[in-house]
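Asks: If you want the building blocks of each chain, they are given just below.
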Amino acid sequence: MNTSLYIATSGLNSYQKKLDTIANNIANAETAGFKRREASFEENLAISIENQKAANREIGRMTPNGVRAGFGVHVNGTQLILDQGVPKATDNPLDLMISGQGFFQVGKRQGGSIEAFYTRNGSFQKSPTNNGTYRLVNAEGYMLLDKNNQPIDIPNDIDFSVSESGTIASTNQQIGIVTFENPQKLLGEGGNVFRYTGSANEVLATANSTIQQGYIESSNVDLSKEVTDMITTQRGFQFNSRSISYADQMLGIANGIIRS
Amino acid sequence: MLRGIDTAASGMIALQRRQEALTNNLANIETPGYKKGDTTLRAFPEVFLERINDSKASPTENAPGFSWIGSMQQGVYAQENISSFLQGDLVETNNPFDVAIDDRNIPLVNGKKPSVFFAVTNSGGEIRYTRNGRFTVDEAGLLRTLEGYAVLNNQGKPIQVDANVASGEVSITSNGEIIANPDDPSKRKIVDTIGLVLIQNPNDLIKEGNGTFKLDGQNPAILSELPEGVQLHHKMIENSNVDPTMTMTNMMENVRLYEANQKVLQAYDRSLELLNSIGRV
Numbered sequence: 012m013n014t015s016l017y018i019a020t021s022g023l024n025s026y027q028k029k030l031d032t033i034a035n036n037i038a039n040a041e042t043a044g045f046k047r048r049e050a051s052f053e054e055n056l057a058i059s060i061e062n063q064k065a066a067n068r069e070i071g072r073m074t075p076n077g078v079r080a081g082f083g084v085h086v087n088g089t090q091l092i093l094d095q096g097v098p099k100a101t102d103n104p105l106d107l108m109i110s111g112q113g114f115f116q117v118g119k120r121q122g123g124s125i126e127a128f129y130t131r132n133g134s135f136q137k138s139p140t141n142n143g144t145y146r147l148v149n150a151e152g153y154m155l156l157d158k159n160n161q162p163i164d165i166p167n168d169i170d171f172s173v174s175e176s177g178t179i180a181s182t183n184q185q186i187g188i189v190t191f192e193n194p195q196k197l198l199g200e201g202g203n204v205f206r207y208t209g210s211a212n213e214v215l216a217t218a219n220s221t222i223q224q225g226y227i228e229s230s231n232v233d234l235s236k237e238v239t240d241m242i243t244t245q246r247g248f249q250f251n252s253r254s255i256s257y258a259d260q261m262l263g264i265a266n267g268i269i270r271s
Numbered sequence: 298m299l300r301g302i303d304t305a306a307s308g309m310i311a312l313q314r315r316q317e318a319l320t321n322n323l324a325n326i327e328t329p330g331y332k333k334g335d336t337t338l339r340a341f342p343e344v345f346l347e348r349i350n351d352s353k354a355s356p357t358e359n360a361p362g363f364s365w366i367g368s369m370q371q372g373v374y375a376q377e378n379i380s381s382f383l384q385g386d387l388v389e390t391n392n393p394f395d396v397a398i399d400d401r402n403i404p405l406v407n408g409k410k411p412s413v414f415f416a417v418t419n420s421g422g423e424i425r426y427t428r429n430g431r432f433t434v435d436e437a438g439l440l441r442t443l444e445g446y447a448v449l450n451n452q453g454k455p456i457q458v459d460a461n462v463a464s465g466e467v468s469i470t471s472n473g474e475i476i477a478n479p480d481d482p483s484k485r486k487i488v489d490t491i492g493l494v495l496i497q498n499p500n501d502l503i504k505e506g507n508g509t510f511k512l513d514g515q516n517p518a519i520l521s522e523l524p525e526g527v528q529l530h531h532k533m534i535e536n537s538n539v540d541p542t543m544t545m546t547n548m549m550e551n552v553r554l555y556e557a558n559q560k561v562l563q564a565y566d567r568s569l570e571l572l573n574s575i576g577r578v
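Residue numbers (the working numbering), protein chains in the order written: chain A, 12 to 271; chain B, 298 to 578.
If you are wondering where the hints come from, they were derived from the structure by calculation, not from laboratory data. Take the hints with a grain of salt, since some may be wrong.
[Claimed, not checked] With a straight-line cut-off of 30 Å between C-alpha atoms, the simulated DSSO-like cross-links for lysine-lysine are:
#, chain 1, residue 1, chain 2, residue 2
1, B, Lys409, A, Lys64
2, A, Lys196, B, Lys532
3, A, Lys236, B, Lys532
4, B, Lys511, A, Lys64
5, A, Lys196, B, Lys484
6, B, Lys486, A, Lys196
7, B, Lys484, B, Lys532
8, B, Lys486, B, Lys454
9, A, Lys196, A, Lys99
10, B, Lys532, B, Lys511
11, A, Lys236, A, Lys119
12, A, Lys64, B, Lys410
13, A, Lys137, A, Lys158
14, A, Lys99, A, Lys236
15, B, Lys486, A, Lys158
16, A, Lys28, B, Lys532
17, A, Lys158, A, Lys119
18, A, Lys137, A, Lys119
19, A, Lys99, A, Lys137
20, B, Lys484, A, Lys158
21, B, Lys484, B, Lys454
22, B, Lys454, A, Lys196
23, A, Lys99, B, Lys532
[Claimed, not checked] Selected chain A positions facing chain B (in silico; Cβ < 7 Å):
#, residue
24, Thr14
25, Ile18
26, Glu54
27, Pro75
28, Gly81
29, Gly83
30, Val84
31, Asp157
32, Ala216
33, Phe250
34, Gln260
35, Ile268
Yeah, the Cβ is synthetic: ideal placement off N, Cα and C, and Gly gets one too.
Turn these sequences into a full structure, and let the hints steer you where they fit.
Replies: Below, the structure is given as structure tokens:
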């Protein structure tokens with residue numbers, strides 16, 4: 012059987028996935044704190060066809076006996092690229108940006124406890140509580156957490172000001188920034204937040220990064236790079252579809268051995 | 298029976314094998330570290346043809362009544378898929394654990410070009426070789442390929458990168474040293490050195506899929522220092538060395554050769570058809 016068809020189909024599948032990743036990056040080019048992903052390919056398992064077992068009859072061979080044939084390609088992961096995005100000044104005191112590694116912790120109340128999620132998007136709004144304070148929430152309603160994983164309560168009557176270390180003036184609360192032992196375990200949760208799929212002790216507090224108030228971090232998508240990648244990916248897709256039509260042509264030729 | 302009918306069929310089978318290899322090259326045009334495979338075709342071993350009952354044969358050369366006409370080959374087969382270890386293009390990626398090997402300037406040894414590879418261990422603990430330098434750090438702090446193979450250092454042990462390094466700024470020098478906090482002289486620290494292996498005759502390598510190769514019967518030592526003409530590039534990967542133009546041209550040519558063999562087969566078929574009609578009244 013002509014396996015070219017299957018090899019080329021695996022190529023089409025992989026290129027389609029890469030194209031999907033690029034499309035998602037481009038769609039989020041203006042999303043604050045968005046981190047792009049990059050698809051990466053790897054060759055499928057190769058098999059060895061033993062068509063001549065007697066090595067002494069294979070005169071002039073350059074490689075060990077057998078014919079190694081690969082079986083196409085697969086996407087072996089879409090890596091999250093954590094480069095810093097360009098800062099954008101907004102002069103809005105509720106906009107925060109992390110300079111350096113790390114993520115904000117935001118929480119959603121699930122029954123009695125608060126489940127923590129992670130985001131680089133520092134665009135927050137006020138959400139009043141009924142006892143003279145307010146909390147910072149993102150567009151999806153997730154509350155900003157301090158370094159002890161508790162929601163940050165800010166009295167209504169103070170001027171909201173955050174130092175570079177994340178300490179909120181006139182209170183003893185500090186915004187928590189965390190890094191991860193393996194950031195590739197972050198899973199997009201929708202709404203520009205991530206869930207960490209590793210264990211809780213792989214989440215590390217960091218003091219190396221600073222917080223800038225009045226800025227938000229734009230996405231780290233470079234449109235010209237993405238569009239270039241999209242063009243080459245599309246060409247790769249075309250190459251594989253051309254392979255399929257060649258394989259089809261060959262099957263047609265084989266079929267035509269017997270003339271009607 | 299007509300001999301050529303099987304010859305033409307063997308041609309079609311061999312060309313199909315070649316087409317599969319070309320298709321695989323084309324599918325892996327963007328696979329980092331992929332090395333293209335070239336199929337070589339070889340004729341079936343020669344056989345001698347003899348004329349029997351030949352009264353004019355010279356008694357000195359042949360047995361009486363036999364004479365040799367000459368030799369012929371009765372077909373073709375795909376003998377081997379030779380991976381070409383030519384250097385692929387280096388592409389900048391900016392990923393912190395991407396490393397590319399550049400061994401273009403390595404000197405020839407006995408007319409053969411040696412090649413340099415990363416050494417990795419697979420899940421069974423066996424050493425494999427790869428040119429795909431797209432690495433990541435797992436939760437245990439081990440440097441791994443995206444397929445999960447552990448990358449070895451210059452002592453032959455898996456590279457352990459601690460968590461603070463993995464989430465911080467990392468630099469990898471052109472001789473493979475992984476340096477944490479490269480910009481801060483007080484915290485700057487060499488974590489480990491990536492191990493590389495020099496393979497004198499890369500044609501001995503057996504492709505295993507997932508971009509890895511194995512070497513049967515040989516166990517080359519991991520280099521303690523890089524040979525002349527080899528350097529590593531950080532935040533870059535080596536793209537596959539498949540040339541799309543060449544591959545497309547070869548595929549086109551291959552389909553036509555396949556068709557030509559089919560035409561020969563059909564010609565034999567017509568001869569047989571005529572033969573069948575001899576007895577018709």
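Asks: Now look at each hint and say whether the structure bears it out.
Replies: Taking the hints in turn, this is what the structure says about them:
no., hint, verdict
1, Lys409(B) / Lys64(A), "holds (27 Å)"
2, Lys196(A) / Lys532(B), "holds (21 Å)"
3, Lys236(A) / Lys532(B), "holds (16 Å)"
4, Lys511(B) / Lys64(A), "holds (20 Å)"
5, Lys196(A) / Lys484(B), "holds (27 Å)"
6, Lys486(B) / Lys196(A), "holds (26 Å)"
7, Lys484(B) / Lys532(B), "holds (21 Å)"
8, Lys486(B) / Lys454(B), "holds (19 Å)"
9, Lys196(A) / Lys99(A), "holds (28 Å)"
10, Lys532(B) / Lys511(B), "holds (26 Å)"
11, Lys236(A) / Lys119(A), "violated (35 Å)"
12, Lys64(A) / Lys410(B), "holds (28 Å)"
13, Lys137(A) / Lys158(A), "holds (19 Å)"
14, Lys99(A) / Lys236(A), "holds (21 Å)"
15, Lys486(B) / Lys158(A), "holds (29 Å)"
16, Lys28(A) / Lys532(B), "holds (23 Å)"
17, Lys158(A) / Lys119(A), "holds (16 Å)"
18, Lys137(A) / Lys119(A), "holds (15 Å)"
19, Lys99(A) / Lys137(A), "holds (20 Å)"
20, Lys484(B) / Lys158(A), "holds (25 Å)"
21, Lys484(B) / Lys454(B), "holds (25 Å)"
22, Lys454(B) / Lys196(A), "holds (25 Å)"
23, Lys99(A) / Lys532(B), "holds (26 Å)"
24, Thr14, "holds (5 Å)"
25, Ile18, "holds (5 Å)"
26, Glu54, "holds (5 Å)"
27, Pro75, "holds (6 Å)"
28, Gly81, "holds (4 Å)"
29, Gly83, "holds (5 Å)"
30, Val84, "holds (5 Å)"
31, Asp157, "violated (21 Å)"
32, Ala216, "violated (11 Å)"
33, Phe250, "holds (5 Å)"
34, Gln260, "holds (6 Å)"
35, Ile268, "holds (6 Å)"
Comparing the model with each earlier hint shows violations of hints 11, 31, 32; every other hint is respected.
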